[in-house]
Amino acid sequence: MGSRPLRVAAAVLVVAGALGVVLSPLLGETVSEESLWGVEPLAYVGGLLLIAGLAVLTASYALPGVLPGMFGKGGTASGGPAHTPERWSEITQQYFEVFHHDLGRPLSRIVGKERELRAVLEARSGTIDPAVADLLDEIERQGPNFRLMMSNLQVLIQLEAGPAPGRDDAVEPAEVVRKIVERYNAVAGEMGKQITWWSEPAEFGIVYSDGSAIEHIVTNLVDNAVRFAGAQVEVKLTQNPTHFFVRVWDDGQGIPAHYLQHLFDRGWTPESARRDEKVSSGLGLFIAQTLAGRQRGELTVESVTAPDPDHHTGFLLSLPLGSPAGAPSA
Amino acid sequence: MNDARPGGSILIVDDEAASPLVSAVRRGLEKEGWRTVVVEPEEGWRSGEDFEAAALYAIEESRPDGVLLDVRFGDHRDDLFKGLDILRKIVTEHPKLPVLMFTQYTQGPDRETAVRSTLRWDAPVDFIDKLASPEEVVLRLRRLIGTAPEVIRVGARITLNVSTKTVEVAGTLMSEISGMRFEILRELAVAWYRSPGQLVPFATLERYSEGEDARASLRVRVREIKDALGKALGERLGAGDLIINVRDQGYRLVPKD
Numbered sequence: 001m002g003s004r005p006l007r008v009a010a011a012v013l014v015v016a017g018a019l020g021v022v023l024s025p026l027l028g029e030t031v032s033e034e035s036l037w038g039v040e041p042l043a044y045v046g047g048l049l050l051i052a053g054l055a056v057l058t059a060s061y062a063l064p065g066v067l068p069g070m071f072g073k074g075g076t077a078s079g080g081p082a083h084t085p086e087r088w089s090e091i092t093q094q095y096f097e098v099f100h101h102d103l104g105r106p107l108s109r110i111v112g113k114e115r116e117l118r119a120v121l122e123a124r125s126g127t128i129d130p131a132v133a134d135l136l137d138e139i140e141r142q143g144p145n146f147r148l149m150m151s152n153l154q155v156l157i158q159l160e161a162g163p164a165p166g167r168d169d170a171v172e173p174a175e176v177v178r179k180i181v182e183r184y185n186a187v188a189g190e191m192g193k194q195i196t197w198w199s200e201p202a203e204f205g206i207v208y209s210d211g212s213a214i215e216h217i218v219t220n221l222v223d224n225a226v227r228f229a230g231a232q233v234e235v236k237l238t239q240n241p242t243h244f245f246v247r248v249w250d251d252g253q254g255i256p257a258h259y260l261q262h263l264f265d266r267g268w269t270p271e272s273a274r275r276d277e278k279v280s281s282g283l284g285l286f287i288a289q290t291l292a293g294r295q296r297g298e299l300t301v302e303s304v305t306a307p308d309p310d311h312h313t314g315f316l317l318s319l320p321l322g323s324p325a326g327a328p329s330a
Numbered sequence: 001m002n003d004a005r006p007g008g009s010i011l012i013v014d015d016e017a018a019s020p021l022v023s024a025v026r027r028g029l030e031k032e033g034w035r036t037v038v039v040e041p042e043e044g045w046r047s048g049e050d051f052e053a054a055a056l057y058a059i060e061e062s063r064p065d066g067v068l069l070d071v072r073f074g075d076h077r078d079d080l081f082k083g084l085d086i087l088r089k090i091v092t093e094h095p096k097l098p099v100l101m102f103t104q105y106t107q108g109p110d111r112e113t114a115v116r117s118t119l120r121w122d123a124p125v126d127f128i129d130k131l132a133s134p135e136e137v138v139l140r141l142r143r144l145i146g147t148a149p150e151v152i153r154v155g156a157r158i159t160l161n162v163s164t165k166t167v168e169v170a171g172t173l174m175s176e177i178s179g180m181r182f183e184i185l186r187e188l189a190v191a192w193y194r195s196p197g198q199l200v201p202f203a204t205l206e207r208y209s210e211g212e213d214a215r216a217s218l219r220v221r222v223r224e225i226k227d228a229l230g231k232a233l234g235e236r237l238g239a240g241d242l243i244i245n246v247r248d249q250g251y252r253l254v255p256k257d
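Those sequence lines, one after another, are chains A and B. Residue 73 in the working numbering sits at position 73 of the first sequence, with consecutive numbering throughout. Residue 119 in the working numbering sits at position 119 of the second sequence, with consecutive numbering throughout.
Just so you know, the hints here were simulated from the structure itself, not pulled from any lab data. Quantities reported herein were computed from a predicted structural model and do not represent experimental measurements. We treat Cβ as the ideally placed atom computed from N, Cα and C, and that holds for glycine. Don't take each hint at face value.
Label-pair distances were calculated between CB atoms; the ranges are [unchecked claim]:
# : chain 1 : residue 1 : chain 2 : residue 2 : range
1 : B       : E206      : A       : G230      : 28 to 38 Å
2 : B       : R236      : A       : F99       : 47 to 57 Å
3 : A       : P241      : B       : E61       : 49 to 59 Å
Isolated chain A (complex conformation) (with noise of 0.2 Å):
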């Protein structure tokens, strides 16, 4: 229950215990003239109710959130531990751990099993039918999807429980698209397109950041690219005195002007637009400009559609460089 029902709840509480108070005189009997209960009983259960009215306002407000998680759906108390809005995000975040663990198994085996029967295939035969091959790749081609799908998911949580503090790790953003774009390379090769990276200057060095949401901020992006590229993705690392740059590229079919707008919000794709079926979850574009807002950074999109012959996309993360933990930032 929120906390609005709640109050209502005891708002109403409250006038019923104040009227049963008011009109016990005229309402109720005396029970006995000797006794206690020489004054009706009326008053005593409206006060009662008066009390339990103003005590359950008063927290309500003390204590925001508390209340809401001690009563089940019916309006009843649980008996259980107090939960607030950030204790059930934790609970969230371990249950989806345990989770993610007992999919990785399943996963690892059918492409375990893959490769080895693409292995037994070859070694019997030399050469594998290509239909069978094809086979073979779409199963390979799902790992990476898959595991883009769920390492969203963990993060879309992780943002849900809300601001977490600052990492200032010292990161090589070249070896994190270096190894992003390893990752992707087969199955772009599998498309027929292919990846290209490179970073200005060529030593690159370090910055520091989150790690962790560099290479999932650019790995989205490069998913992203790569299922909408024509042939070409380019991944391009460049920098100023404050910041640094990735730049992920496409040479797809671009995005038309009126889709821009809508293409960083939650749950928004292409095909929702058109009222087709999704085709994605329409979450790695949402997620990436969270991050990218969280590190003090900014994801920005610039577009040309088809049939302009230099039809393209291309996103452009820009993030400080930072400084070691302590130090004063640049």
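Based on the hints, put chain B in the right spot on chain A.
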């Protein structure tokens, strides 16, 4: 001439060394020329402690060039992250030995960061998802071990010998590719070897060109390299073959075979 293969040995420490996933990685490593030594569970081994002792013993015995180490050992609660204990011992006793940790994809970068913070800052340790393709594992090991081989094979027929500064195509020495032309090809081959897909920016390559218009001079040299290689290969190498100009940013190598 040395063989282009990395040559050294990799020690694999994994309680599921016979699993299809690890077998595929072993095949990938062996295909690249690495010799693999596996620490497998033996009868009577009950815990991660046995693996730890066997792994450290195997390192002393086989003196590998690198170690591929799993994080998890079995399902016993005490051994869930036994690999990290083994890692710390290896880093302490063999601080220069490169170790690539096999993580479950569930363990993620946060855990990597936590583990790194407990190690020496310069420890040659990296982490890779167990679901990574065998090619990705090989690439990561290459970089971790710092293998910059004397001989780089670009595709099936082109071979660069970095120490003698010579190029061979199908066994025939190419005298045309020497001096600056060799350096340009070497830059491209090393970048490709370390990370297929990595472009070498013009700024890096223009060091190997002359004249007022360094870009134009570079373009001529690249054309000369392609013509010479194409002639030796018996095919005309077009704009999209072997060495490509990526949107006027730089060049990258794209071997066909």
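Of all the hints given earlier, name the ones this structure violates by number, lowest first. none
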